[in-house]
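With the first letter of the sequence shown counted as 1, position 247 gets the number 247 in UniProt numbering; the numbers rise by one all the way through.
Please note: incorrect hints may appear among the correct ones.
[Claimed, not checked] Derived EDC-like pairs (lysine to aspartate or glutamate); straight-line CA-CA distance at most 20 angstroms: (1) K297 / E249; (2) K297 / E114; (3) K106 / D280; (4) K264 / E225.
None of these hints come from the bench; they were simulated from the model.
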Amino acid sequence: MTNRQIVIAELPTDALGPEHFTMTETATPEPGAGEVQLRVVLMSIDAANRSWMKGATYRAAVQKGDAMPTYAICEVMQSNSPKLAPGDIVAAEATWSEVITMPAHKVMKMPKVETLSHLMSVYGIAGKTAYHGLMSIGQPVAGETVLVSAAAGSVGGYVGQIAKALGCRVVGIAGGAEKCAWVTDHLGFDACLDYRAPGFFKALRSACPDGVDVYFDNVGGTVLEMALNVMNERGRVICCGAISQYDTENPTGPRNLPGVVVVKRLKMEGFIVMDFAQNDAKCLRAMQHWVGTGQIKVTEDIVDGLENAPQALIGLLAGDNKGKRMVRVSSDPS
1 MTNRQIVIAE LPTDALGPEH FTMTETATPE PGAGEVQLRV VLMSIDAANR SWMKGATYRA
61 AVQKGDAMPT YAICEVMQSN SPKLAPGDIV AAEATWSEVI TMPAHKVMKM PKVETLSHLM
121 SVYGIAGKTA YHGLMSIGQP VAGETVLVSA AAGSVGGYVG QIAKALGCRV VGIAGGAEKC
181 AWVTDHLGFD ACLDYRAPGF FKALRSACPD GVDVYFDNVG GTVLEMALNV MNERGRVICC
241 GAISQYDTEN PTGPRNLPGV VVVKRLKMEG FIVMDFAQND AKCLRAMQHW VGTGQIKVTE
301 DIVDGLENAP QALIGLLAGD NKGKRMVRVS SDPS
């Protein structure tokens, strides 16, 4: 029995393309002592995948010949551990593969939910990133203005909806008029601005007449630079990602550091979702409540087929997704 996986054919030096990936076939890995064999069901597609190809970050750099790492929802097929049994649903740091094996202590058994993909989106890495970053670093207060970039993306959409549920005024930033309309009409943001449109900074100032108290940054670059200029004194800037900088060898901005941080006494903090794992149960309770009351709408962008993972990532970097993007590698367990 063979196992398909996608590996890095060549590390990109500029924009990511299909030529940087190749599909390979290997023998299906059998679990050893204390290990489990997992069938990959859903793989997370994230801008961070691209940053891992540029060098070491919070994890080791991805090298030529490596199977692309990913966060995945999997089904246990074989288990050599008393902690897990065939049929269990787990989350794991996997690869773009159909089947993987790993030590049982490195996977997390997941709760039963009606819709499996929600473990990847609203109750998974996207929802937890939004909640932990906004609540633990941003600490929004009802009546404050919260600004969110990549507002139509997997994390930004939840950030804005959480902030609205807390009583904040929420302004989004997205690419294109159609996306901006979707963010306001479907997700319920108070306003959403097209960063590609002429006069974006003027529109930003107009949409935030009382300034910005909390900025959740997913893009970096010139958008971050402009956002810093509209922050209020003692505002909080949450640095979650820098998608505008990942797919280029010529990163830009922001040029107004550290001056604006000092003058406005801003708090600017980066984070990784695992930093706040101790609050995961609190996050799940809150997200389930808001989904149940309709204050949070779940939006998912599911691409079928392992072979389509490279294009799913390339498209994500170009901003063609709405909501959490993932690849369905195999059918959901019955």
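Please write out, lowest number first, the hints stated earlier that are contradicted by the structure. Violated hint (a single one): 1; every other hint is consistent with the structure.
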